[in-house]
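There are 2 protein chains.
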Amino acid sequence: MKRIKLEIAYDGTNYRGWQIQPNGITVEEVVNKKLSELLKEDIQVIGASRTDSGVHALANVAVFDTNTRIPSDKFCYALNQRLPEDIRVQKSMEVPLDFHPRYCNSTKTYEYKILNRNIDIPCYRMNSHFVYLPLDVERMQKAATYIVGEHDFKSFCSTRTQVLDTVRTVYSLSVVKEGDFINIRITGNGFLYNMVRIIVGTLIKVGLKVYPPEHIGEIIESKNRTLAGPKVPAKGLTLIKIEYE
Amino acid sequence: MKRIKLEIAYDGTNYRGWQIQPNGITVEEVVNKKLSELLKEDIQVIGASRTDSGVHALANVAVFDTNTRIPSDKFCYALNQRLPEDIRVQKSMEVPLDFHPRYCNSTKTYEYKILNRNIDIPCYRMNSHFVYLPLDVERMQKAATYIVGEHDFKSFCSTRTQVLDTVRTVYSLSVVKEGDFINIRITGNGFLYNMVRIIVGTLIKVGLKVYPPEHIGEIIESKNRTLAGPKVPAKGLTLIKIEYE
Chain G
1 MKRIKLEIAY DGTNYRGWQI QPNGITVEEV VNKKLSELLK EDIQVIGASR TDSGVHALAN
61 VAVFDTNTRI PSDKFCYALN QRLPEDIRVQ KSMEVPLDFH PRYCNSTKTY EYKILNRNID
121 IPCYRMNSHF VYLPLDVERM QKAATYIVGE HDFKSFCSTR TQVLDTVRTV YSLSVVKEGD
181 FINIRITGNG FLYNMVRIIV GTLIKVGLKV YPPEHIGEII ESKNRTLAGP KVPAKGLTLI
241 KIEYE
Chain L
1 MKRIKLEIAY DGTNYRGWQI QPNGITVEEV VNKKLSELLK EDIQVIGASR TDSGVHALAN
61 VAVFDTNTRI PSDKFCYALN QRLPEDIRVQ KSMEVPLDFH PRYCNSTKTY EYKILNRNID
121 IPCYRMNSHF VYLPLDVERM QKAATYIVGE HDFKSFCSTR TQVLDTVRTV YSLSVVKEGD
181 FINIRITGNG FLYNMVRIIV GTLIKVGLKV YPPEHIGEII ESKNRTLAGP KVPAKGLTLI
241 KIEYE
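Chains as they are written, first to last, in UniProt numbering: chain G, 1 to 245; chain L, 1 to 245.
Worth flagging that the hints you see were computed from the coordinates, not collected in a lab.
Note that this is a predicted model, so its numbers are computed, not measured.
Among the hints, a few may not be true.
One copy or any two copies: either way a pair holds, since identical chains are not told apart in the list.
[Unchecked claim] Subject to a maximum C-alpha distance of 20 Å in a straight line, what follows is the list of computed SDA-like cross-link-like pairs (lysine to any residue):
1. Lys-241 - Gly-179
2. Lys-209 - Phe-191
3. Lys-74 - Ile-121
4. Lys-74 - Tyr-132
5. Lys-91 - Ile-119
6. Lys-235 - Ile-121
7. Lys-235 - Asp-86
Take these sequences, add in the hints, and give me the full structure.
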């Protein structure tokens with residue numbers, strides 16, 4: 001018996017997120033099915049990040065145990081033959097049997113893409129959020145500094161969460177203008193339900209000059225979801241990487 | 001009566017190309033329908049480039065005549081309200097009544113995106129062509145120099161064409177590596193049927209070391225389609241811009 005770790009990229013457009021659920025097809029479900037077919041074993045992977053419906057990934061992580069003789073590093077090629085073209089395993093490797101993608105300490109990085117110009121560009125519409133009012137990037141960068149660090153992020157968490165401990169550490173948060181895009185990249189030790197999308201929605205309010213940058217500190221202090229900005233659409237969000245200690 | 005010029009961006013994925021045809025929906029057809037609804041006139045646009053099924057555009061050009069009082073430069077906003085999200089008019093302006101998007105001299109620029117790495121990335125799959133064998137970009141750049149200039153491009157034209165004069169001028173052809181992408185940008189005074197996609201297919205053969213770069217000159221000389229490389233998929237191709245004299 002060995003444990004194999006997969007790094008999985010997917011276009012989230014046609015999935016109801018990562019985690020198996022009763023209504024609609026999910027990435028986890030497709031991966032389980034294709035793995036089980038390939039190995040002729042009943043495989044149920046353990047995933048690292050339960051990305052939401054419509055969110056994309058360059059490298060979500062999942063593990064499973066198997067007796068297969070397929071070499072661990074070649075495993076991804078065999079599996080990709082069976083997967084639909086919107087899911088591609090980027091890497092496969094053997095890991096210790098006690099490696100758990102959620103319980104082992106990790107650092108996650110997400111990127112949110114905003115297309116900021118007067119008219120939307122169709123080819124980018126499934127991977128970015130279109131904002132037609134001009135955003136002040138410098139203000140957003142200043143606001144971002146208030147997010148970095150260990151904070152109780154209760155104000156930036158959907159009230160539907162079941163989590164009790166809402167303290168997380170954000171290691172970095174960059175706001176970079178590249179042509180018509182504003183790319184927001186955030187790295188942390190974990191994120192609450194919808195936390196990245198609510199942080200971006202709040203930064204947009206700062207960029208639109210609805211909030212002053214300093215107001216972000218007050219929003220954190222308040223621990224009140226209603227003071228933060230709205231949750232931006234899922235399609236602009238991509239899970240970039242997960243790094244383990 | 002005035003003539004309005006539109007610059008139209010579209011994601012070609014769900015269309016059978018630009019030009020109206022009996023089987024399947026086209027961009028021209030949708031634009032005509034939405035324009036006619038908006039203006040309550042029977043509008044049939046004249047388009048500049050008949051992009052193929054699956055090819056994208058940042059700025060294809062079309063014109064139409066109208067008596068509308070909507071200001072010409074604001075016209076795009078009114079029209080975009082009605083268009084599906086995979087078509088967006090980027091710009092609208094009044095032009096002289098004798099301006100014709102195909103018969104006036106113009107320079108067209110296309111870009112073809114190749115994703116060159118060991119495993120495909122799902123989010124890029126509708127806008128790039130995935131090649132897993134490593135491509136030698138320097139060889140492709142050398143091969144590109146043979147394409148630039150005025151040549152009879154008969155070898156790079158699908159045999160289904162109805163065009164008799166196959167001489168065209170390519171002003172520039174760049175092959176640039178950006179991360180895992182190889183972006184091929186070509187500017188010319190006009191392109192034959194499938195010419196860009198056959199040129200890219202031939203450059204890929206050079207990048208794979210199937211052909212030496214110098215062989216491109218011989219292919220041009222031969223005026224023989226069977227000596228050039230295969231036509232690459234439409235989805236990697238985008239019409240970037242059309243400039244008029």
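The hints, checked one at a time:
1. Taking the shortest Cα distances, Lys-241 and Gly-179 sit within 20 Å of each other only across copies (17 Å), while inside one copy they are farther apart (24 Å).
2. Taking the shortest alpha-carbon separations for Lys-209 and Phe-191, neither the intra-copy value of 26 Å nor the inter-copy value of 47 Å comes in at or below 20 Å.
3. Taking the shortest alpha-carbon separations for Lys-74 and Ile-121, only the inter-copy value of 17 Å comes in at or below 20 Å, while the best intra-copy value is 38 Å.
4. For a Cα distance limit of 20 Å, the shortest separation of Lys-74 from Tyr-132 across copies, 15 Å, qualifies, whereas the shortest one inside one copy, 45 Å, does not.
5. In this assembly of identical chains, Lys-91 and Ile-119 lie within 20 Å of each other by CA distance solely across copies; the values are 9 Å between and 38 Å within a copy.
6. Taking identical chains as interchangeable, the C-alpha atoms of Lys-235 and Ile-121 lie at most 20 Å apart whether they share a chain (14 Å) or sit on different chains (16 Å).
7. Both within a single protomer and between protomers do Lys-235 and Asp-86 lie at most 20 Å apart by alpha-carbon distance, with minima of 14 Å and 15 Å respectively.
The structure does not agree with numbered hint 2 stated previously, though it agrees with all others.
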